[in-house]
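Chains as they are written, first to last, in the working numbering: chain S, 1 to 169; chain E, 1 to 227; chain L, 1 to 148.
Hints should not be assumed to be uniformly reliable.
[Stated by the list, open to error] DEER-style ranges, computed between Cβ atoms:
no.	chain 1	residue 1	chain 2	residue 2	range
1	E	G165	L	L88	29 to 37 Å
2	S	A87	L	D40	16 to 24 Å
3	S	A91	E	G102	31 to 39 Å
4	S	T162	E	E55	23 to 31 Å
5	S	R5	E	V79	43 to 51 Å
6	L	N109	S	P33	39 to 47 Å
7	E	G165	L	A122	19 to 27 Å
8	E	G165	S	Q158	36 to 44 Å
None of these hints come from the bench; they were simulated from the model.
For every residue, glycine included, the Cβ atom is placed at its ideal position computed from N, Cα and C.
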Amino acid sequence: MRAVRNLLGWIVWALLVAGATLAIGVIWFPQLPVRQPLAFNHAKHKKMACVVCHRGVETGAWATIPDMNTCLNCHAAPPVKDATAIAIWSAAAMAKHIAWQRINRIPDHVYFSHRRHVDLARLDCASCHGDMADRTTPPAHPLTRISMNNCLDCHRQQSASTDCARCHK
Amino acid sequence: MARWGMAIDLDRCTGCQACVVACKQENNVPFSTPAQAEKGRQISWIYIQTEIEGEYPNVKVRFRPMLCQHCDRPPCTFVCPTSATYKNEEGIVAQIYPRCIGCRYCANACPYSVKYFNYDEPHWPKQLEASLNHDVSVRYGGVIEKCTFCSHRLTKAREQADAEGREFRDDDYQPACVQSCPAHAMVFGDLDNPHGTVAAWSESPRAERLLEDLGTKPKVMYLKGGA
Amino acid sequence: MHWLLVITCTLLLVIGCGPNGGSPLPATRAQVKRPAPPADPVQFGRQVFEKCGCVMCHGADGKSGIANPNAKTKDIVPPLTYVAEGYLPAELKQFIRRGQPNIDKMNPNGPTPPFKMPSYGAWISDVELDALQKYLFSLMPKGEKEAF
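Kindly produce the complete structure, drawing on both the sequences and the hints.
Right, dumping it as structure tokens:
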């Protein structure tokens, strides 16, 4: 009888630990890892401002991911020296457009405008997106934790509106 | 800060329901099925209330667009256990869906019965899913929704004014219903602006508010129709 | 036995109530603000030069371009130090807006040079373009006069 109670105790404990690990995993990493179709190297393009490719940040709500035409603005012809670059070019050359996977997501009930934060409030992109510029490969998860608490911390510090209706649509 | 309110001239209202359609389109209001309608569960953030007077052959129908009155003393906000509904500093009574636990106390408390509960998951015909408005969230089953005076339009109008480097004026923003009314029966604006149209219409001898004696201080003014 | 449970629960509570929800990812740190554009057009022009990516190919202060194999301009993206000699202000602005889609090859039978000058058409506003031109003209080493 006592042996059964002991075993039950251990099972409950094991379930609790398993459940808690799952819960923490889901809360800390709310997305499955993201695989991009191409290993775009941000570090090589670091000297440019983010807005050169992510054209939407200064004019709209979404930052947008660049399309093939944006890349072709500078990259006229296949690279001839760097082997990695040649491999990436060959992979991209056949596609009409590259199916980039979105990595930074906000829930449907949140309204976030990049124009408001980048053009009007003059925030640096790294503040919310982390050090993307130093990455040599696309990350599988967002580099920072984008959460309501973090947004509100900054809103309070910068005396921006903390009215729910401003951001919740 | 502005104090947003509306005035509706019932003499001009023809009951055409353009406001109803515009609101549903703008705010992703779910379609209702006949089964839901039978139970009285259809959702219309604004609807035309018809009042029939007299007997045949002297029948008269009056139309009254009925929407959230955005009271200055809103009973719904007093009873909400989670602050999912609250009155913000501009007088708009907001509804925050992720906070709503679906207890429906607010729907009970509202004397105008303009809070609607999503008894079922929302649905639209497949072809209409492409026309959903990205600036308004899609609610799920189990939360209350109601007219928000299209506050998403206010957020966007403020941002546009800031981006253009000019001062935000209260006629930069109007809800979808006001915009769509073909009879120009509705005006919207800052009640505290003494030169505004809403203030002017509110001073009309025909102006009245609904259920004023309850002390809710509604911010929608109705101008009584003629004889 | 049950104290193991208590310890586990306390640990979990402490982790969860920690800053940033206890998450190992850094919190967003939105105190970093970009400075407002400077009043001096040459300084503003330098910012535009960096912001629009010119610096990526033409190098800091346009001193030395990156390798552009088989380009007629000596296998590199040309430096910009002497643009004031080769262009009138309006010509330079037009060139920036138009770009250079076809780069001349050093060896006609060799590969196409990988990098071209993008057409800045709609990417750059008139104010930015004007500042950029003034900055580029200021790259002339001191003491040397323009050829025109």
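Here is how each hint holds up against the structure:
no., hint, in the structure
1, E:G165 <-> L:L88: 29 to 37 Å, "holds (33 Å)"
2, S:A87 <-> L:D40: 16 to 24 Å, "violated (44 Å)"
3, S:A91 <-> E:G102: 31 to 39 Å, "violated (49 Å)"
4, S:T162 <-> E:E55: 23 to 31 Å, "violated (56 Å)"
5, S:R5 <-> E:V79: 43 to 51 Å, "holds (47 Å)"
6, L:N109 <-> S:P33: 39 to 47 Å, "holds (46 Å)"
7, E:G165 <-> L:A122: 19 to 27 Å, "holds (21 Å)"
8, E:G165 <-> S:Q158: 36 to 44 Å, "violated (20 Å)"
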